[in-house]
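**Q** In order, the protein sequence lines correspond to chains A and B.
Residues in the first sequence are numbered consecutively from 1, following this note's numbering.
Residues in the second sequence are numbered consecutively from 1, following this note's numbering.
Treat the hints with care, since some could be wrong.
Unchecked claim - Taking lysine-lysine pairs in the DSS-like style, the calculated list, with each CA pair at most 30 Å apart, reads:
#, chain 1, residue 1, chain 2, residue 2
1, A, Lys139, B, Lys268
2, B, Lys289, A, Lys127
3, A, Lys130, B, Lys283
4, A, Lys139, B, Lys244
5, A, Lys139, B, Lys283
6, A, Lys83, B, Lys268
Said to hold, decoys possible - To spell it out: a stretch of chain B is covered by chain A in this simulated footprint if at least three of its residues, at any positions, have a beta carbon under 8 Å from a beta carbon of chain A; those stretches are:
#, region
7, 234 to 241
8, 283 to 296
Just so you know, the hints here were simulated from the structure itself, not pulled from any lab data.
Backbone N, C-alpha and C fix where the C-beta goes; we use that ideal spot for every residue, glycine too.
Spelled out from the first residue to the last, the chains are:
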Amino acid sequence: MAEENEFEPVIVGFFCNWCTATAADLAGTLRMQYPPNVRPIRTMCSGSVDPVYVLRALLGGADGVIVGGCPPGDCHYVNGNYKARRRMAILKTILDTLGLENNRVWIRWISAAEGAKFARTMNEITKSLKKLGPNPISKDWSI
Amino acid sequence: MERYAFISTGNQGALGAVRQFLASLLEKKLVDALLVPLELPTGDNVVPTIVSRPEQIQAANPLAPVMPVNAARLVSRITMISPSPDRLGVVLRPCELRALVELVKLKQASLDKLLLIGVDCFGTYSVNDYEKSAREGSSPTEDLLGRAQGGKEAPMLRKACQICEYPVPMGADLTIGLIGVDLGRGILLVGGTPEGEKVMQELGLEEAKSEERQSAISKLIEERTGKKEALLKQTREEVSGLDKMMATLATCINCHNCKTACPLCYCKECFFDSPVFEFEAEKYLGWAKRKGALRMPNDTLLFHLTRLNHMVVSCVGCGLCTEACPNDIPVSDIFRLVGEQVQKMFDYVPGRSLDEELPLTTFKEEELPDIGM
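Given these sequences and hints, build the entire structure.
**A** In C-alpha cells form, the structure reads like this:
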C-alpha cells in the first residue's frame, strides 16, 4: 500500500565493476524488480573505495551507503576486497564508537552471477532504511 | 634478558647522571651526535636539539616535563631523504619511540645507524604551563620527579599523559630508567638489545640488579590504566551521537593544526588541503540550497572522521593534537577513544614492534566474518 509522502531513502552504492556491477546488470537483463532508491556508482574494485567516499555520501545526506564487492577469495584483482573488508570494518567501528549510526553503512559480497542476490539486497537495504528513517545528518547544515 | 647498570653522580641526582651518561656517549665516540631535548639558552622551553659536542650536553634535559613536538617527526625529517650517515643517538619518550616505529613502517624514517635511547616518562606539562612554572622560579623537572618519587599527584600533567599506559619505552636499545629508581642517587640504565648492551660494555658500566623496577612499573601502569578507563568512559558519553559530537566540534575552525602536530599524519599534501577540496561556487551554493544553509568552512566533521579512518590505527596517544588546537578541542581524547576500539580489532599496539604490520596494509584471508555477510 503506497502512503503519500512515504519516506524514500536515498542510497548510494559503490559497486565493483567485475562482480557486483555485473550482478546489477544481470538483475536488469532478468527483469528483476527492485526499489529504485540506490544510486549506483561503478568502481573498478571494492578495494578502491576510500572510506572518505562513503563518509562524504553519508554526511552529504545519503540515508545509507552500500559497498558491493567480489566475495573474499574471488577478487578480480586478487586481494582488493580483503583490504575493503578491513577498511569498512574500521569505518563501522569508528562510527559505532562515536554513536553515529553505523547501520547505515553496508558492505555485501555479491558475485557476478548473483543477480537475484543483488535485487534481494537492494530490497533489503531499502526496507531497512525505510524503517530507520531519514539520516539526521541530511538536515544538519552545521557539520 | 635486560641488562641493568646504575649511573650515579653522587649529589647531582638523576639529571646529573643522565648528562654524564649522554656526554660519555659523545666523548667515547659511541655516537657521533645526539638528538636530545636541550634547555634553550634564553627563555623557558626545552626543545629537541642535534648535539655534536659533549660540552653542550650540560644543557640537556630529557627529564624536563615538556614535549613541544613529537620527536618522531624530527627523526623522520632527518632520515627521510637518506638514512643518517653517522651514528646518531636519539633520546625519545615512549610515545615518541612508538610513533617513530610506526613512521618507519610507513617508510617515513630510517633506523639505520640510529641508537635508540628511550627515557621512562612520568608525563609532561603543556608548553605554556611549563613556561609559567619555570618563570615562577621552581624547577618543573625537580618538581615532577619529586612528586613521582613521593607518589604524589601531579595536577599539571596533560590529560594524554595521565592516561598513558606506556610509561616505559618499547624496543629501545638503551633506556634511561627512572621508575622504581632512587632518583636522588642517579638513574638505572637498561640495555634492551644486543646493540644497547654493547654500548654498556664499552662504557665499562658495572652490571646491577633492580628488584623494585618491575613492580613499580606495574603499579604505575595500573594507575594509568584505571585513569584511562574512567576518562575514556567520560569522553564516550560526552561525544556520543551526532548532537554531542557537533557540540564538541562547535569551535572547530578547520585549521588542521591537529593534523600538522600529529607525528603520524605524514602526507605531504593532506587530502583536505588538495584540489579535491577546492570547489566551485556552484557547489557551495548548491549544498547551501539543499540543506538550507552551509557552515563555512565546510566539511568539519568529515575532516575528523576521515583523519580517524586514515590514521587512528597508528595513534600513539601523545596528545599533541589537543595541544595544537587553538580552541582547546579535546581531539586527543576522541582519537584515543576510537583508536583503542580500532586497535583492539587487530590486537595491535602502535609502535610495539617493527615486525607487526600496519593493520591497514595487510589482511588475513579468514577474518572479520561478519563483514559482508
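**Q** Look at each hint and say if it fits the structure.
**A** Structure-based check of each hint:
1. At roughly 34 Å between alpha-carbon atoms, A/Lys139 and B/Lys268 are farther apart than 30 Å, so this suggested pair is violated.
2. For a cut-off of 30 Å, the pair hint linking B/Lys289 to A/Lys127 stands: about 28 Å separates their Cα positions.
3. As the CA atoms of A/Lys130 and B/Lys283 are separated by approximately 28 Å, the hinted pair is consistent with the 30 Å bound.
4. Pair hint A/Lys139 plus B/Lys244 holds up; C-alpha atoms about 16 Å apart against a cutoff of 30 Å.
5. Proximity of A/Lys139 to B/Lys283 is assessed by CA-CA distance (about 17 Å); at most 30 Å being required, the pair is judged to hold.
6. Only pairs whose Cα atoms come within 30 Å are accepted, and A/Lys83 paired with B/Lys268 is accepted, the gap being roughly 24 Å.
7. Check result for the region 234 to 241 of chain B against chain A: holds, 4 residues qualifying (beta carbon to beta carbon below 8 Å, three or more required).
8. Only when three residues or more bring their CB closer than 8 Å to a CB of chain A does the claim for the region 283 to 296 of chain B stand; here the count is 8, and the claim holds.
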